[in-house]
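Model the full structure from these sequences, guided by the hints.
Protein chains: 4
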Amino acid sequence: MSEKYTTIHYHNYLELDALLSLQKERSKALGEAAHDETLFIIMHQVCELWFKQILTELDSVILLFREERVREDNMHTVLLRLRRINSIIDLLIEQVKVMETMTPLDFLDFRDYLFPASGFQSWQFRMIETTLGLREEDRLTYHGKSYKIVFTEEQKAHLTDIERSGSLFDLVARWLERTPFLRFRGFDFLSAYKEAVERMIARDQQHIRDSELSPKMKEMRLRVLGDTTTYFRHVLDREEHERMVAAGEARLSYDATIAALLINLYRDQPILNIPFQLLTELMVIDEGLTTWRYRHAQMVMRMIGNKIGTGGSSGHDYLARTAEQHKIFRDLHNISSLLIPRSALPDLPEELARGLGFHFRGK
Amino acid sequence: MSEKYTTIHYHNYLELDALLSLQKERSKALGEAAHDETLFIIMHQVCELWFKQILTELDSVILLFREERVREDNMHTVLLRLRRINSIIDLLIEQVKVMETMTPLDFLDFRDYLFPASGFQSWQFRMIETTLGLREEDRLTYHGKSYKIVFTEEQKAHLTDIERSGSLFDLVARWLERTPFLRFRGFDFLSAYKEAVERMIARDQQHIRDSELSPKMKEMRLRVLGDTTTYFRHVLDREEHERMVAAGEARLSYDATIAALLINLYRDQPILNIPFQLLTELMVIDEGLTTWRYRHAQMVMRMIGNKIGTGGSSGHDYLARTAEQHKIFRDLHNISSLLIPRSALPDLPEELARGLGFHFRGK
Amino acid sequence: MSEKYTTIHYHNYLELDALLSLQKERSKALGEAAHDETLFIIMHQVCELWFKQILTELDSVILLFREERVREDNMHTVLLRLRRINSIIDLLIEQVKVMETMTPLDFLDFRDYLFPASGFQSWQFRMIETTLGLREEDRLTYHGKSYKIVFTEEQKAHLTDIERSGSLFDLVARWLERTPFLRFRGFDFLSAYKEAVERMIARDQQHIRDSELSPKMKEMRLRVLGDTTTYFRHVLDREEHERMVAAGEARLSYDATIAALLINLYRDQPILNIPFQLLTELMVIDEGLTTWRYRHAQMVMRMIGNKIGTGGSSGHDYLARTAEQHKIFRDLHNISSLLIPRSALPDLPEELARGLGFHFRGK
Amino acid sequence: MSEKYTTIHYHNYLELDALLSLQKERSKALGEAAHDETLFIIMHQVCELWFKQILTELDSVILLFREERVREDNMHTVLLRLRRINSIIDLLIEQVKVMETMTPLDFLDFRDYLFPASGFQSWQFRMIETTLGLREEDRLTYHGKSYKIVFTEEQKAHLTDIERSGSLFDLVARWLERTPFLRFRGFDFLSAYKEAVERMIARDQQHIRDSELSPKMKEMRLRVLGDTTTYFRHVLDREEHERMVAAGEARLSYDATIAALLINLYRDQPILNIPFQLLTELMVIDEGLTTWRYRHAQMVMRMIGNKIGTGGSSGHDYLARTAEQHKIFRDLHNISSLLIPRSALPDLPEELARGLGFHFRGK
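Chains as they are written, first to last, in our numbering: chain A, 1 to 363; chain B, 364 to 726; chain C, 727 to 1089; chain D, 1090 to 1452.
Note that these hints are calculated values from the structure, not bench results. Misleading hints may appear alongside valid ones.
[Said to hold, decoys possible] No farther apart than 16 angstroms at their CA atoms in a straight line, the calculated lysine to aspartate or glutamate pairs in the EDC-like style are these:
no., chain 1, residue 1, chain 2, residue 2
1, C, Lys754, C, Asp835
2, B, Lys415, A, Glu25
3, D, Lys1186, A, Asp90
4, B, Lys415, A, Asp90
5, C, Lys944, B, Asp475
6, B, Lys460, C, Glu820
7, B, Lys460, A, Asp90
[Stated by the list, open to error] Cβ pair distances, simulated, as ranges:
no., chain 1, residue 1, chain 2, residue 2, range
8, B, Leu503, D, Lys1113, 51 to 57 angstroms
9, B, Arg684, C, Asp1073, 37 to 43 angstroms
10, C, Gln932, B, Leu503, 34 to 40 angstroms
11, B, Phe550, D, Ser1254, 49 to 55 angstroms
12, B, Thr369, A, Arg321, 58 to 64 angstroms
13, B, Gln569, D, Lys1113, 43 to 49 angstroms
14, A, Glu153, D, Arg1327, 49 to 55 angstroms
15, A, Pro349, C, Glu975, 50 to 56 angstroms
16, D, Glu1243, B, Phe550, 49 to 55 angstroms
17, A, Leu222, D, Arg1410, 27 to 33 angstroms
[What the hints assert, rightly or not] Partial selection, computed: residues in chain D whose CB lies under 10 angstroms from chain B:
no., residue
18, Asn1163
19, Met1164
20, His1165
21, Leu1168
22, Glu1301
23, Thr1319
24, His1323
25, Val1324
26, Arg1356
27, Pro1359
28, Leu1361
29, Phe1365
30, Gln1366
31, Leu1445
32, Gly1446
Where is the CB? At the ideal position from N, CA and C, for every residue including glycine.
Set out below in C-alpha cells:
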C-alpha cells in the first residue's frame, strides 16, 4: 500500500494555519498596534524563507562537489541550482522596493519595540556567507567583536562546523586545480600563453609607433602598454602569485587561477562549456549579494538617516562597507584582466582540441 | 512600567524556529525525497505571506473608506497603501521566474504526492479578489461549480461575509457618486462637457474637409469621426448607461462614471490630485493581478504542458481565461475613451477653480 | 599602419549629434508642442534599437545553425546569444512601465498627429517573428488582410525572403531530427520508453487499488490515469502524430519531437546539457514575447480604452489575441506532458551512457 | 487648413532609416568585425536616448519650479514627471543585465578600437547631474582634473550655464524656505517640536528606569537615549546648522530643513500630500542614480577586472566612489533622523489644521 495515494489540501500541505499565525506584532502586544509592523515582519520572514532555500541549494551543490572526482553528469545540476540561487537573489533585491513603501515615520511607530533585534542577527544569512566561503578574517568586525556574538552556542557551533568542513570556494578551488589540460603531451598552456601575450604586446607596440597618433598620444599609449606588460609578467608568475596569496591580495592558488584563465579563454570547447557557465554563476552570486547589501544600506539610510540602527549599529555605513568587502569570488572577476583577444590566442594542438569535444564512440 | 523596554532577538521576533520547520516535504515523508519540493513549498508559502499582507492593506483601506464621509486626511494613507499592494504584486510577478527554475522533470519527482492540492484552493487569494470586488457572478465557473466548493464551511462563510459587507469597488463607487462638483452654481459639468465634445468633433470634421488628404482618406477619417460622435452620445447618455449596467456591460453607475471622468480631466486641480492618483492605483492593481495570472498560466504551461493540473484542471487555459475575465476596475480603464484633449476642455468657472485649490485662510 | 590606433570620442563613436536630433515631434511641427510626445518617440526608438539587436543575434544564430552539421564548438555561442535575446526581451517588458507613466489625457495632446502610424507597422518586429518561425498562416489576420500590407515593396520582399530561407524553428527541427541516439546498437529509445510508460501506469493503477482512498476517489484517480494512458499511446504514435501535423495541431515532426523528449529526459548526460539549455531558451523566447505582447495590450487598454487605435485597429483585443496565438515553440512546451518521473525511466545501456560523456582520449 | 490631417507612417515618424544606420562598428571599419560591438553601441545609444528624456523632464520641471510662486496646479505635473524619471532610472538599472551578457573575452575583440572613448565622456549624463544640483566641488576629481576637460568648449559652456542658472536642488530649497506654516498665529512649530522631543525623551528615560531590564542594559539604553538628546539639540539648533552648512556637512538651509521636517511629520494634511510625495521622489532619484552607478561599477569590474578602462581610468573604483559621493539630496534622507513618533507629535492648532485641508467654499 502506498501512502502516495492519500489526498492533501493546499491549505494543509503549506501549513497555512501555522504559517499565518506567526506574525506577532510587538506593538500590538505591548502598546498600540502599528499598522506597518505586519509588513516589517512578513518582509523579514519572506527573506528567511528564501535564505532557507538558498541554503538548501548550496548544501546540495556542496555535496555534489565534495566527491573526490566531481561526476560529469552532476555538473549540469550544479549549474541549474546556482542559477536558481541567483534567481532568488534577484528577487530579494527587488523586494527592497516593497520595504521602501514603509516611510520612516511609520517605522517609528514600532521601532522602539524591536530593540535590539536587527538583520545583523540573521543566522541563516551568516550560514550562506560562510558556506559560500566568507571567512571570519574576511569580515568587517563589528564594534571590534566577532559577528558570532549575537548567536546561541549551538548556532555558533554550527557556523564553526561550516567553516571547517570546506566552503564552496574551497571546493571550486580544488576542482579547478584538478583541471587536466594545463600540461598535455608537450603542450604547455602556460608557456604558450605567455608567448602569445609577449607577441601581442610587441605587435601592439609596433602598431602604435607606426600609427598617425600625435607623439604625445603615442607616448601615452606606449606607457599604458608598458603597464600591461608588467602586469601580465607579474600576474602570470607563480612566485609572485604565491606572495599575493600569502599577503591576502589573492585567495585562489596559482594553479586554480591558471585553470580558470584557460576555461575563460577556451570556453567554446564543449568540455569547457559548463565549467565556464559555472564560474560565471559564481561571479553573479557575488555581484547579487553585493547589490543586495548595497540596496539594503540605502534602505536603512532612508529609514533612519544617520542615527544608529535597532541593533546599536550605524547601519548604513556598516552595510555599505560589507557590500564592498564581503566579496568571495573576487579572484574570478580578476581573471578578466588576464585575457587576451581570441585573435592572439595560441591554437590548441589538434589532438587536444579533439579531446575537448564529444566523441560518440559507438560509431 | 512599560514592557516596551524588554529586549527581543531577531530570531525570536520572527518566530524563525517555527517558520523554518513548516516545510514538510511529502516526497520525503511518503517516498523518496525530491530535491525541488522544498522550493515548491517555500514559493507558495511566500505567496501566502504576501497575500496576507495584501489583505492587511486592503482591510485597512476599506475601513478608512467605509466612514460616511471619507476623511480628507486619510486619503493619502489610502493611496500609500494601494501603492504598497502594487509593489507586492510586482514582486509576485517577478517571483514566477524563480518558480521557472524548476524543470518539468524535477516537478514530476513529487507531483503525484500533491494530489489534488492546487493554487485554486488558496483561500487568501479568493479573499483578495472578493475584497477588491470580484463577485461570484463575474467568475469563471470551474467544471460548472462555485469556486467555493474547495473550502471549509468556515472559510466559505467568511467569503460570503466579505461579499455582503461591501467591496472596495462598491466603496469607491459610492465615494465617486458623492463628488460634489458635478453641478455647481449654474456650472453643469456634464452639459458643458457634451458641448465641448460636439464643438471638437465639428472642428475636426471641418479640418478634415479642408485638408489635403485624398478623397478616400477623407472619407475614412470622417467615418472614424462619425463613430466617435456616436460613441460619445451613446456613452454620455444616462439611460443608455443604465441599460449597459443592467446588461452587465458596465458596472459603475452613471454618476460615478461621470465623476471619474471629471477627476481624469481636471486632475491638476489640487483637490483632485490624490483622487486621480487613487484611481490610477486601482487600475494598476487590476493590471498587476492580470499579469500575475497570465504569467502563472505560462508557468503552468511550461510545467505540465496540456495535461490536467494537480487539482484536476486544465491549468493553463483556466488561468489564461481568468486573466482576461477577472478584471474588476475595467470601467476605470474605459474612462480613457471618454477623454477629450485639454485644448478642447471647457474652462472651469473661476469661482469653482478657486474652490478646488488650497485656501490657507489664516492670512 | 593600423587604423586601430586612431582615437575616438564617446560622443562621435555613438553618433550622438545625429541620434539626438531624430526626435521630431509632430505636435511641435504641426501645432502646439505636446510635452509627452518626446517620450513617445524615444520609447519607440529604443524598442527599434533593441529589435535591431535581437535581429543581429538571430541572424548570427541562424548562420551558425545552417551548416550541414552544426559545429559542436558553436553550440555554446548559440546558447549565449539566445540568452542575450531573452535578456533584451525582459527589458522590453519592463519598459512598458515607462510608457505607462504617460496618461491617456497627455496622449490625447498629440495622438491625432500620428494617424495612422502604429506599432503594427514595425517592420523589424515582423522580421523577428518571421525569423523565429512565425508563418503567414499562423498569424491573426488583420481586418482580413495580410500583415504585410503596411510595408513597402522592398520590405515585403525582405520578409518573403526570410520566410523562404528557413526560420530558426525549421533549423532547430532539422537539428533535432539528426540527433543520433534514438536507435543505437539494439537500444531502441522509443520502445524502451513506451514500455516504461506502460510499467509506470500499471504500477500506479495497482497502488491506487491498494490504497485507502474512498471508492469514489479511487474511481476518479483511475479515470485520470486511464486518460493518461490514452494520451501517451496517442502521442507516442507516429501515425497519430503525422495526422496532428497535417491538421495543424502540431508542427514539429515526429522524429524531432522524440529527440526533444530524449533531451529533456536525459539532460544530465554531458552531451545533452547544452541542447537542453538551448531548448529551454527557445521556450523562454516564446514566453517573453507573449508576455511583452500581453503587457502591450494592457497598456493600450489603459491608454485608449475600447476605442480604436491610431492604426484604426481595436488595439487591445488584437494584441491580446496575438499574445496567445503567435507562439512559435509551443510544441517544445508540450514535451512536458510526455515526461515520466526519473524513477520510472529506462536506464541507458552502459555503452551508450559512456558515449554521452566526455572522453579525454589523451590519457 | 490644418496639417494635423496629413498622414504619417510609423517608420518615417520614428526616423528609422536614419536611426538604424547610426551603429557604426569600428571593428568592422578598421579590422575584423566583432559580433558584440553592435550590442555595445546600441546599449549606449539607448542610454543616451533615455538621458535625453530625463533631461526633457528635468528641464520642464525646472521651468515650472522657477516661477516666483510655484503654481499649485503645477505641483502634480512636477510629481508625475519626477516619477517618470525614476521609472526610466529603474530601467537603466535593469539594462546593466543586458550588458552583462557580453563576456570580457568578447569585449576584447573590439575594445582596443574604442580608445579613449568612455562613459566618462557622456555630456548628457553630466548635464543630468548638474541640473539636479551636483556642483563641481561635490564631484570626485578625475586624475586631479575637472570632469569638464573631455568636452568641447560649447559643451563646457552649456554645463557652466546650467551650474549658474539654478539647479533643481536650489529651486526645491527655495520652495521649502517659502513654506508658510512654520510660524502661524502664535503657533511656533519649532518650539512646539523641541518641547515634544524633550517630553518624549524624558518619558523614555522614565520608562527605562522603571523597566525590568538588567542594570547593564538600562545603562546602555539610557546612554543611547542620551546620544539621541544631544543629537536633537544639536541638529535643531540654527547656529549649529549654519556651522554645518559652512563646513559642507549639510547643504540645505536651516529653514528649508525645518520645512522638510514639517512636511514629513504632517504629510497627511491634504495640503502637504503632494509636497511629501515630491520630496520622496527626489530621494528616490538619488537612490536610483546611486544604484545605477554602483551596478555600472560592478559591470566594469566583471568586464575588465582591475585593469584600467578605455578612458585610462581605473573604472571600478572611480564609479564605486562616485556612487557614494555624488549624492545630491542627502539632506532629505537625513530628515529621517529628526522624526519622532506620531504619538509624541504636538497637535496642530485647530485653526491651522483646518487651513491645511480643502475648503470647498462654494457651499
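Which of the listed hints are broken here? Numbers 4, 11, 12, 23, 24 and 25 - these are the hints that the structure violates, sorted from lowest upward.
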